[in-house]
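Trainee: Assemble the whole structure, with the sequences as input and the hints as a guide.
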Amino acid sequence: MTNLDTLAPGSRARLVSLGGERAFRCRLMELGLLPGTILRVVRRVDVGGVLELEVRGCRLTVRRGEARLLLVEPN
Amino acid sequence: MAKPTRVKRVALAGNPNTGKTTLFNRLTGSDAKVGNYPGVTVEHQEGRLELPLSGGVLLVDVPGTYSLSARSAEEQIAIQAIAGLSPIERPDAVLVVVDATQLTRNLYLVLQVIETGLPVVVAINMIDMLAVRGLSIDTPTLARLLGVPVVAISSQSGRGLDELRAALDFLLRDPSRGTPGPRWLPESPELEHDVNAVAAAIPAAWHCDEAQRRRALALWALLSLDEHDELRGASPELRGVVAARRKLAAAEGREIEAEIIQGRYSWIDRHAAQFLVERPPTRPSTTDRVDRVLLHPALGFSAFLLAMALVFQALFSGADPAIGLIESLFGWVQGWVRELLPAGLLNEFVCNALIEGVGSVVVFLPQIALLFLFIGVMEDSGYMARVAMLMDRLMKAVGLHGRAFVPMLSGYACAVPAILATRTMERRRDRMLTMMVIPLMTCSARLPVYTLIIAALFPASQILGFLPVQGLLMVGMYLFSTVTALVCAAVLGRTLFKGPKVPLLLELPPYRMPHWPSVLRMVWQRSRLFLTQAGGVILGITCGMWALLSFPRDPAVLARFEAERAALVAEVDPARRESRAAEIEVAEAGELLRTSLGAASAAAWSPPSSPWASIGRSASACSAPSPPARCSSAPWAWSTASARTPRRNRRRCGRNCGPSATGTAGRSTRPWWGSP
Ligand SMILES: Nc1nc2c(ncn2[C@@H]2O[C@H](COP(=O)(O)OP(=O)(O)OP(=O)(O)O)[C@@H](O)[C@H]2O)c(=O)[nH]1
Ligand SMILES: [Mg+2]
Numbered sequence: 111m112t113n114l115d116t117l118a119p120g121s122r123a124r125l126v127s128l129g130g131e132r133a134f135r136c137r138l139m140e141l142g143l144l145p146g147t148i149l150r151v152v153r154r155v156d157v158g159g160v161l162e163l164e165v166r167g168c169r170l171t172v173r174r175g176e177a178r179l180l181l182v183e184p185n
Numbered sequence: 006m007a008k009p010t011r012v013k014r015v016a017l018a019g020n021p022n023t024g025k026t027t028l029f030n031r032l033t034g035s036d037a038k039v040g041n042y043p044g045v046t047v048e049h050q051e052g053r054l055e056l057p058l059s060g061g062v063l064l065v066d067v068p069g070t071y072s073l074s075a076r077s078a079e080e081q082i083a084i085q086a087i088a089g090l091s092p093i094e095r096p097d098a099v100l101v102v103v104d105a106t107q108l109t110r111n112l113y114l115v116l117q118v119i120e121t122g123l124p125v126v127v128a129i130n131m132i133d134m135l136a137v138r139g140l141s142i143d144t145p146t147l148a149r150l151l152g153v154p155v156v157a158i159s160s161q162s163g164r165g166l167d168e169l170r171a172a173l174d175f176l177l178r179d180p181s182r183g184t185p186g187p188r189w190l191p192e193s194p195e196l197e198h199d200v201n202a203v204a205a206a207i208p209a210a211w212h213c214d215e216a217q218r219r220r221a222l223a224l225w226a227l228l229s230l231d232e233h234d235e236l237r238g239a240s241p242e243l244r245g246v247v248a249a250r251r252k253l254a255a256a257e258g259r260e261i262e263a264e265i266i267q268g269r270y271s272w273i274d275r276h277a278a279q280f281l282v283e284r285p286p287t288r289p290s291t292t293d294r295v296d297r298v299l300l301h302p303a304l305g306f307s308a309f310l311l312a313m314a315l316v317f318q319a320l321f322s323g324a325d326p327a328i329g330l331i332e333s334l335f336g337w338v339q340g341w342v343r344e345l346l347p348a349g350l351l352n353e354f355v356c357n358a359l360i361e362g363v364g365s366v367v368v369f370l371p372q373i374a375l376l377f378l379f380i381g382v383m384e385d386s387g388y389m390a391r392v393a394m395l396m397d398r399l400m401k402a403v404g405l406h407g408r409a410f411v412p413m414l415s416g417y418a419c420a421v422p423a424i425l426a427t428r429t430m431e432r433r434r435d436r437m438l439t440m441m442v443i444p445l446m447t448c449s450a451r452l453p454v455y456t457l458i459i460a461a462l463f464p465a466s467q468i469l470g471f472l473p474v475q476g477l478l479m480v481g482m483y484l485f486s487t488v489t490a491l492v493c494a495a496v497l498g499r500t501l502f503k504g505p506k507v508p509l510l511l512e513l514p515p516y517r518m519p520h521w522p523s524v525l526r527m528v529w530q531r532s533r534l535f536l537t538q539a540g541g542v543i544l545g546i547t548c549g550m551w552a553l554l555s556f557p558r559d560p561a562v563l564a565r566f567e568a569e570r571a572a573l574v575a576e577v578d579p580a581r582r583e584s585r586a587a588e589i590e591v592a593e594a595g596e597l598l599r600t601s602l603g604a605a606s607a608a609a610w611s612p613p614s615s616p617w618a619s620i621g622r623s624a625s626a627c628s629a630p631s632p633p634a635r636c637s638s639a640p641w642a643w644s645t646a647s648a649r650t651p652r653r654n655r656r657r658c659g660r661n662c663g664p665s666a667t668g669t670a671g672r673s674t675r676p677w678w679g680s681p
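Which chain is which? The protein sequence lines are A and B, in order. Here the first sequence stands for residues 111 to 185, where the numbers follow our numbering. Here the second sequence stands for residues 6 to 681, where the numbers follow our numbering.
Honestly, I wouldn't trust all of these hints.
Unchecked claim - To give an idea of the chain A side of the interface with chain B (calculated C-beta under 8 Å), a few residues:
| id | residue |
| --- | --- |
| 1 | M111 |
| 2 | F134 |
| 3 | E140 |
| 4 | D156 |
| 5 | E162 |
| 6 | R166 |
| 7 | R169 |
Simulated from the structure, these hints should not be mistaken for lab results. Owing to the predicted nature of the structure, the values given are computational and were not obtained by experimental measurement. Where is the CB? At the ideal position from N, CA and C, for every residue including glycine.
Mentor: Structure follows, in structure tokens:
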């Protein structure tokens with residue numbers, strides 16, 4: 111198990127748990143990022159300090175610091 | 006006055022960027038703004054839709070939301086228009102627009118709306134994209150599972166719109182077709198208890214006569230209310246119950262929110278196989294291939310800078326011909342009217358206040374229209390979301406959100422629409438902070454003033470033989486204003502507008518070819534907004550300044566300056582003559598203001614303290630041939646300028662080099678950074 115921000119671009123993982131503030135967790139979950147969801151790190155954009163994720167066929171951007179709050183199981 | 010039967014309202018709901026506004030325009034023929042940038046519709050707008058059975062129906066375009074839970078006041082507006090808490094009228098039906106390529110996530114909102122008990126019809130939009138993405142959707146099965154009418158449409162091509170109209174028409178006739186009851190119920194008894202407890206505390210003002218609606222609002226409250234939300238109308242009692250249930254659940258090791266959201270998503274995932282067939286893409290999509298370049302660590306940022314450089318180059322040089330055209334047009338009209346009307350006060354008012362005022366507003370249009378054209382293309386193509394992504398680190402460093410970059414960028418053209426654009430941000434604090442610093446950005450109205458000052462103080466020359474000094478100075482001014490704005494944001498964000506950091510959760514839409522009709526419509530709407538909102542103020546000030554300069558009329562002063570002007574004819578050196586004429590102007594305007602404002606305030610307005618006078622002096626001192634004559638288009642620079650401008654000087658600053666002054670400065674004002 112590892113933090114989402116450590117994953118290499120292109121890797122897939124299963125979301126295990128979400129940390130952080132309540133509102134932040136709710137937002138992510140309502141976007142479909144629930145524990146058990148498979149996600150893919152599409153790329154890291156270091157200029158902006160963000161990660162691009164693919165979840166349920168759509169692309170989302172999260173900040174690296176916020177990605178650190180998500181625990182994932184790489185597969 | 007007895008109203009006949011109330012006009013039926015239909016709310017247009019859906020996730021951001023699913024094509025609601027495009028559909029709204031299609032159905033109503035109205036012209037709402039469309040953009041491929043999630044969160045473009047910020048206020049809701051209404052239009053009329055004619056249906057064969059139900060007659061005229063009011064269609065309400067609502068900002069996109071991912072769910073019905075709300076935190077900010079804006080989200081609450083969207084939710085109220087959809088679910089109709091109490092102050093806003095409850096819609097008679099909700100048309101939920103879903104993106105065919107992101108069906109499972111979009112269905113989350115559909116389930117929520119169905120739970121509220123309002124009649125629902127679902128429009129699956131962008132079916133033209135299905136084949137591209139290797140998807141297929143079984144619409145009848147989905148309709149059966151959801152229990153509401155489902156129509157596949159493409160709001161861009163117009164496919165399926167007749168079926169959609171018919172479905173909506175039947176639904177309004179017979180609402181039971183679209184009210185199947187909740188698709189999902191709490192599985193655990195604990196959650197059931199929580200929901201019932203909160204349902205009992207829903208305020209009476211929300212008009213929950215039916216149990217189903219009450220439960221839906223209880224679920225809404227459990228997801229939305231906490232100590233940080235900005236929602237209005239939730240009673241302290243309700244907040245208390247929600248907080249208590251949450252605490253209780255936490256003690257049992259449960260999380261209510263997760264259970265509710267999970268409940269809905271597991272309904273979707275359980276049934277997805279029945280209506281959705283996905284073939285994994287065999288090759289990377291176009292969007293992926295474009296993003297490989299535009300979001301590349303090195304290439305991406307260079308491309309971004311290049312795009313911005315292009316925008317500015319176009320703003321400064323591309324707008325020039327149009328500006329010249331507008332100026333000569335207004336000059337011509339002015340001359341014509343001056344001849345036409347009998348000399349006197351009316352003539353002066355029409356020429357020097359009205360036409361001058363309108364002219365100084367319209368002269369900004371080319372730049373504003375161009376900037377919005379660029380913003381429109383960036384939004385509609387999908388690049389704007391990438392810009393927010395690329396700029397997030399910088400924006401975060403000063404306490405702002407990546408999304409604040411777009412409004413701040415618009416601030417370069419005009420602060421008015423830029424401030425309007427801040428509404429796309431979720432949190433009040435971010436909006437306020439961005440609004441506070443936008444006016445510090447160099448808006449296009451300041452551009453002529455900079456041009457003027459730079460042209461007056463720094464003769465055109467080159468550093469290292471090729472870098473134009475004036476161009477560099479201009480870039481410097483822009484950098485300075487940008488840095489000032491960012492620093493102010495950082496300071497304000499840490500002091501006055503202290504608040505928790507908001508997460509950046511940005512959806513990246515696929516790239517699309519800009520839809521030109523919508524882009525042009527947006528340019529027109531924003532320009533119109535500028536003309537009416539800012540233009541009114543500018544025109545008012547011009548008229549006010551004219552009045553101040555004209556009353557009380559002192560013939561002695563007028564005559565004295567007229568005589569000085571007449572004496573000028575003797576001056577042989579054309580450059581000197583121009584500069585002297587300008588000095589007379591300034592002196593005259595100052596004198597006239599003094600007479601009208603009285604001695605006390607005159608000190609502040611007197612020519613020696615006016616920047617224009619000093620520029621005039623320093624300009625002649627360094628023997629630059631063209632001292633700035635007037636700045637009729639910079640609203641705040643009107644201390645001594647404007648209303649009494651003689652014909653030959655009535656030009657926009659920056660183009661103020663009279664025909665006689667075609668020396669270095671004459672050439673320098675135009676192609677500064679193009680060809681030195
Ligand atoms: N391919 C395709 N694109 C579409 C269709 N309908 C809309 N679009 C595009 O989708 C993008 C978003 O459209 P909008 O109408 O602004 O979406 P919206 O739902 O109003 O977005 P918000 O107001 O931000 O919530 C635009 O670039 C449209 O041109 C369609 O049927 N097919
Ligand atoms: Mg919209």
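Trainee: Hint by hint, say whether it matches the structure.
Mentor: Hint-by-hint comparison with the structure:
1. M111: 18 Å, violated
2. F134: This interface hint holds because 5 Å falls under the 8 Å limit.
3. E140: Holds, because the Cβ-Cβ distance from A/E140 to chain B comes to roughly 4 Å (cut-off 8 Å).
4. D156: 6 Å, holds
5. E162: OK, holds: A/E162 within 8 Å of chain B, min 7 Å.
6. R166: 5 Å, holds
7. R169: Holds - the Cβ of A/R169 comes within 8 Å of chain B, reaching about 4 Å at its closest.
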